[in-house]
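**Q** Chains as they are written, first to last, in the working numbering: chain D, 1 to 180; chain Y, 181 to 299.
Honestly, the hints are just simulated from the structure, not real lab data.
Here a beta-carbon is modelled for each residue, glycine too, at the ideal position from N, C-alpha and C.
Treat each hint with caution, since some may be false.
[Claimed, not checked] Computed beta-carbon distance windows for the label pairs:
| # | chain 1 | residue 1 | chain 2 | residue 2 | range |
| --- | --- | --- | --- | --- | --- |
| 1 | Y | CYS253 | D | SER83 | 39 to 47 Å |
| 2 | D | LYS46 | Y | GLU277 | 42 to 50 Å |
| 3 | Y | PRO276 | D | PRO95 | 24 to 32 Å |
| 4 | Y | LYS285 | D | ARG144 | 40 to 48 Å |
| 5 | Y | LYS273 | D | THR21 | 43 to 51 Å |
| 6 | D | SER136 | Y | LYS195 | 47 to 55 Å |
[Stated by the list, open to error] Dumping the calculated DSSO-like pairs for lysine-lysine here, alpha-carbon to alpha-carbon at most 27 Å:
| # | chain 1 | residue 1 | chain 2 | residue 2 |
| --- | --- | --- | --- | --- |
| 7 | Y | LYS273 | D | LYS17 |
| 8 | D | LYS26 | Y | LYS273 |
| 9 | D | LYS51 | D | LYS26 |
So the chains spell out like this:
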Amino acid sequence: MKELSLNILDIAENSVKAKATKVEIKLEEDGEILKFSISDDGCGMKPDFLKRVVDPFATTRTTRPVGLGIPFLKLAAEQTGGSMEITSRHIEDFPDSHGTTTSAVFYKNHIDAAPLGDIVETVVTLIQCNPDIEFSFTHVTEDRTVRLETAELKEVLGDVPLNNIEVILWIKEYLVEQYN
Amino acid sequence: MKSLAELAAIRDKMKNKVVIREGSNETRVVVGMATCGIAAGARPVLSAFVEGVNEAGLAGSVTVTQTGCIGICQYEPVVEIYESGKEKVTYVKMTPEKAAEVIEKHLKGGKVIEEYTIK
């Protein structure tokens, strides 16, 4: 992946596949550290499956639905001196509090650190393709906090879907404005 | 500054349009967004379709959405076009530039660009 924002898109797609109704994406930049986490209320993973998804060599073709996304993220984080962690609670074991949180720490100044890239495109793409999922996005940097709560937008929009083109363009500008 | 009042205005404007949309034969543009697709450049392709479809005035009849891995990872980014009454068309190794061409020739002009497809 050329940009971390693509890793974030890819990991958030796992939440979509896990049938999440809520996905929370948080980014935090402080000095040379960039942290992010993606939390969902999807079906979660059982402990034995969780162990396998971080190891690309144990990902056989039958487990392909998860594939290389997580190993890619792990590599991207570790090659900067950072780390990745996943916690998960499977729906069968935790019927009322299931879901997965994937978090990663990156050292931005490391020569092998990929740029964050176009995070706005990542958020907009997720909403465009999954208008029924509630997305919460927060990006805290040293000088500002950028946020978007699709639940708040939905309250205003009523029946008009979030992926209506005019709404999508509004969301994109709304985010870009917050970064400028 | 963007305000929620603008969103409310969009909502009011759409109230009438939604009804028309339900009755029309919708075309679906589906972009492969699994790890393979994303790594190969699916995100800017999807974005090019969303914006291009709007600029072409097709937003009322064409929806742009995603799917997972369809199994031909070496040809990603892959875009499938579903039109009612027609066979599915699969475009491979897509770019934002090719997307613009597909919107113009295929979605607007009704002509499949064979050289970008796979059978």
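**Q** Determine for every hint whether it applies to the structure shown.
**A** Status of the hints after comparison with the structure:
| no. | hint | verdict |
| --- | --- | --- |
| 1 | CYS253/Y / SER83/D: 39 to 47 Å | violated (28 Å) |
| 2 | LYS46/D / GLU277/Y: 42 to 50 Å | holds (44 Å) |
| 3 | PRO276/Y / PRO95/D: 24 to 32 Å | violated (44 Å) |
| 4 | LYS285/Y / ARG144/D: 40 to 48 Å | holds (43 Å) |
| 5 | LYS273/Y / THR21/D: 43 to 51 Å | violated (35 Å) |
| 6 | SER136/D / LYS195/Y: 47 to 55 Å | violated (27 Å) |
| 7 | LYS273/Y / LYS17/D | holds (24 Å) |
| 8 | LYS26/D / LYS273/Y | violated (32 Å) |
| 9 | LYS51/D / LYS26/D | holds (24 Å) |
When each numbered hint is compared with the structure, violations occur for hints 1, 3, 5, 6 and 8.
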